[in-house]
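A.B. asks: Protein chains in written order, with the working numbering: chain A, 1 to 328; chain B, 1 to 438.
Read the hints as simulated data drawn from the structure, not as lab findings. Given the structure is predicted, the values throughout are model-derived calculations rather than measurements. Fair warning: there could be bad hints in the mix.
Stated by the list, open to error - Negatives, chain A to chain B, calculated, CB over 12 Å: (1) Tyr5; (2) Leu30; (3) Leu61; (4) Ser71; (5) Leu115; (6) Gly161; (7) Thr170; (8) Gly171; (9) Leu304.
Stated by the list, open to error - In silico BS3-like links for lysine-lysine, alpha-carbon gap of 30 Å or less: (10) B:Lys153 / A:Lys272; (11) A:Lys212 / B:Lys4; (12) A:Lys64 / A:Lys20; (13) B:Lys4 / A:Lys320.
Glycine included, every Cβ here is placed at the ideal spot set by N, Cα and C.
Each chain, letter by letter, is given below.
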Amino acid sequence: MEKLYLSSSPHIHSGETTDKVMRAVIYSLLPACAVSIYFFGLAALLVLLYCTLGCVATEALCQKAMGKPLSLGDGSAALTGILLALNLPPASPWWMALLGSVVAIAIAKQVYGGLGYNPFNPALVARVVLLISFPVQMTTWSAPSPWGAAVDGVSAATPLGEYKTAVMLTGKIPAELQANLGGYFVGNMSGCLGEVSALALLLGAAYLFWKKIITWHVPVSFVGTTVVLSGLFWLVDPSRYPNPLFHLFTGGLILGAFYMATDMVTSPVTTKGLLVFGFGCGLITVLIRLFGGYPEGVSFAILLMNAATPLIDRFTRPRKFGLVAQRG
Amino acid sequence: MKLKTFPGGLHPPDNKQWSAHKAIELCPLPAELVIPLSQHIGVPAEACVQVGELVGKGQVIGQAKGFVSVPVHASTSGEVVAVEPRLHPSGRLLPAVVIRPDGADSWVDGLIADDPETLTPEQLREKIRAAGVVGMGGATFPTHVKLSPPAEKPIDTLILNGVECEPYLTADHRLMLEATAQVLDGVAILRRVLGVSKVIIGIEANKPDAIAALTQACQGTSIEVVALEVKYPQGAEKQLILALTGREVPSGGLPMDIGVVVQNVGTAAAVADAVRRGQPLIERIATVTGPAVAEPKNLRVRIGTSLSHMVEFCGGLKGDPAKIIMGGPMMGATQLSLDIPATRGTSGVLLFGAGEVALIPEGPCLRCGRCVRVCPAHILPTTINAYARLDMLDEAESVGALDCIECGCCTYTCPAAIALVQAIRQAKGGILAKRRKV
């Protein structure tokens, strides 16, 4: 016998590892990346490249500076980069993408201790920092066209932005805004890279469900709350409040509910907690979209619920097995 | 129909196909039997034979000390060549009686076969105790203690555990199939001791032949045979009770608190031997399997036979073993060498090669919640782990460390390969040690 291992049980492992999880999420985002490149062309591809390389480089520099072992192999930095890119407009300047990457990795992740220790979703922290710091660049939208042929020329508001402006000015939603739901579903609208195609995002999400990387709890409670709540307002006054499908397929709801709010590190670990978390995200999203100053509220909603995660975990601990009233 | 089960758990590849179809074979006697005096939970037995003494098969060689203890018997006839500390499956050197078999394998005089119908529950319990019967599922808790519930805890249900949810192991499976009548004989005796009418036999649905055999044998009786969802740890006592009766053993309590006694199928067979034939527990069924074993088999093996002898009978080693596990891969204990005796709790010997040894470095917790979802005790393994590693024992206890059944599902499923159950186990040890000191 050459070498005998002694260890405490169990002696087998599922084989599911952190880097496999991260890689699977990256794969699941490829359809959405492809659609964004189709509609916004080279501009989208560059944003994706800047963010991914920016995040990976920042992670490496931080770890080097702190004398920690490099962990680029776990794929988490690359994933953050892709998610950040999907949260930026196609016309984002290169410096903004890089600055966002530094914020995401250095400030929102490594400062807290790296993978697993960050309280807030790094990509969303970066998005919100950029949104507050560079409101013009962050709200300059390109109209979609095959392979981005017309990206430089045409600029157009996002459906959510258009809705908000119209309601503010006239108190009514223009009818044509809600006529093209099918187009919104495949992604034929302006918006962030990852806001456009619900179809591509859902394809990727199906893969994540199949691989059991994410569970239904957050997406269902998040989307469900948004649809039900926005539906209630729509029923009360359809001339002023858009219908729930409009909410569903425009803006960042699908990206947020299936990819950002499901970020394991920043969401609760308990099953009940995930439902509460998703509900909170949906509630805040609808409130911001209908009554807030910003047209889109998904990022803020998720970040606020990130902050509530430790509290949610504490109050949703499962009932221990056997914690029952004694018989007799 | 949806099969009964419990919430939580998971299904690792069960790898039972290597030995499930193999009929039980008799493992020949080795040149030397090392019989540990500590083969049960409780006070070890005390040697009552001298070096040089000739003993008969089934003769008491270690006397029970106290109530939670059982005697130990010679597994064959022969000469006592040593009474000394030997390497024990626990990894320690513990007192053992070493016997050199004389080849005659003759029973000691004075074993009394009885008709269980003619004995009182007290007499039956004493016979079971004297035969050294312990929980054969691996826990090795003295059976007579489990069969002695205090008067204020009336028992109404006897559950027979034929789940065998540990991957690789097929010993209980083969026993149910090949010794169906003996198992049911044991059930009848256990029933008489406890005075219960309701009996449920729980078997995982991946053993359809055993389910069929027992169902057929139980026709016309009130014994229920129930197929359970294939999920680990379905055979854990509390999870099994919940699945079969819907009752939950209170936290920190025992099955008898809710009127249930659970016995393993191997224990039932041993009880039948003890009463019907007067034979003490000197052998058991064990699965010898794993990628590093040439020909996996199910063996009827004498207590005290070395693992190396058993492996040799199974065609020897296939390559270098990198891990020797007594029991299954989820809860079994690694061994220092193959020169360790099989005891009453040895349900299997599992040999892994270097390729099967999972050596994944621990990473940071992703808070993915997998451990929380699979935990059959419904505690938060990742939270307890965090407390345990900071040595915050009070906090670990307050979030349920002591409710951990150590099934290992959390560690198995953790993508960051964090040794969760190991940390919780350590915290449990610390908490209990602190309690004893106070």
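A.B. asks: Quick one, are Lys153 (chain B) and Lys272 (chain A) close enough, alpha carbons at most 30 Å?
C.D. replies: violated (36 Å)
A.B. asks: In terms of Cβ atoms, is chain B entirely out of 12 Å range of Ser71 (chain A)?
C.D. replies: violated (8 Å)
A.B. asks: Are all beta-carbon distances from Leu304 (chain A) to chain B longer than 12 Å?
C.D. replies: Label holds. Min Cβ-Cβ 18 Å, cutoff 12 Å.
A.B. asks: Taking 30 Å as the top limit, are the C-alpha atoms of Lys64 (chain A) and Lys20 (chain A) close enough?
C.D. replies: Roughly 24 Å between the alpha carbons, so the hint for Lys64 (chain A) and Lys20 (chain A) holds.
A.B. asks: Minimum C-beta separation from Gly171 (chain A) to chain B exceeding 12 Å: can you confirm that?
C.D. replies: holds (45 Å)
A.B. asks: Holds or violated: are the alpha carbons of Lys212 (chain A) and Lys4 (chain B) at most 30 Å from each other?
C.D. replies: holds (23 Å)
A.B. asks: At 12 Å, judged by beta carbons, does Leu115 (chain A) keep clear of chain B as stated?
C.D. replies: violated (5 Å)
A.B. asks: Keeping to a limit of 30 Å between CA atoms, is the pair of Lys4 (chain B) and Lys320 (chain A) held or broken?
C.D. replies: With Cα atoms ~20 Å apart, Lys4 (chain B) and Lys320 (chain A) stay inside 30 Å; holds.
A.B. asks: So Leu61 (chain A) supposedly isn't at the interface. Is its beta-carbon more than 12 Å from every beta-carbon in chain B?
C.D. replies: holds (19 Å)
A.B. asks: Far enough from chain B: is every CB of that chain over 12 Å from the CB of Leu30 (chain A)?
C.D. replies: Non-interface label stands for Leu30 (chain A): nearest chain B Cβ at 21 Å, farther than 12 Å.
A.B. asks: Minimum C-beta separation from Tyr5 (chain A) to chain B exceeding 12 Å: can you confirm that?
C.D. replies: The claim is violated: Tyr5 (chain A) sits with its nearest Cβ about 5 Å from chain B, within 12 Å.
A.B. asks: Just double-check Thr170 (chain A) for me: nearest Cβ-Cβ distance to chain B has to come out over 12 Å.
C.D. replies: Label holds. Min Cβ-Cβ 46 Å, cutoff 12 Å.
In this structure, the hints that do not hold are numbers 1, 4, 5, 10, in rising order.
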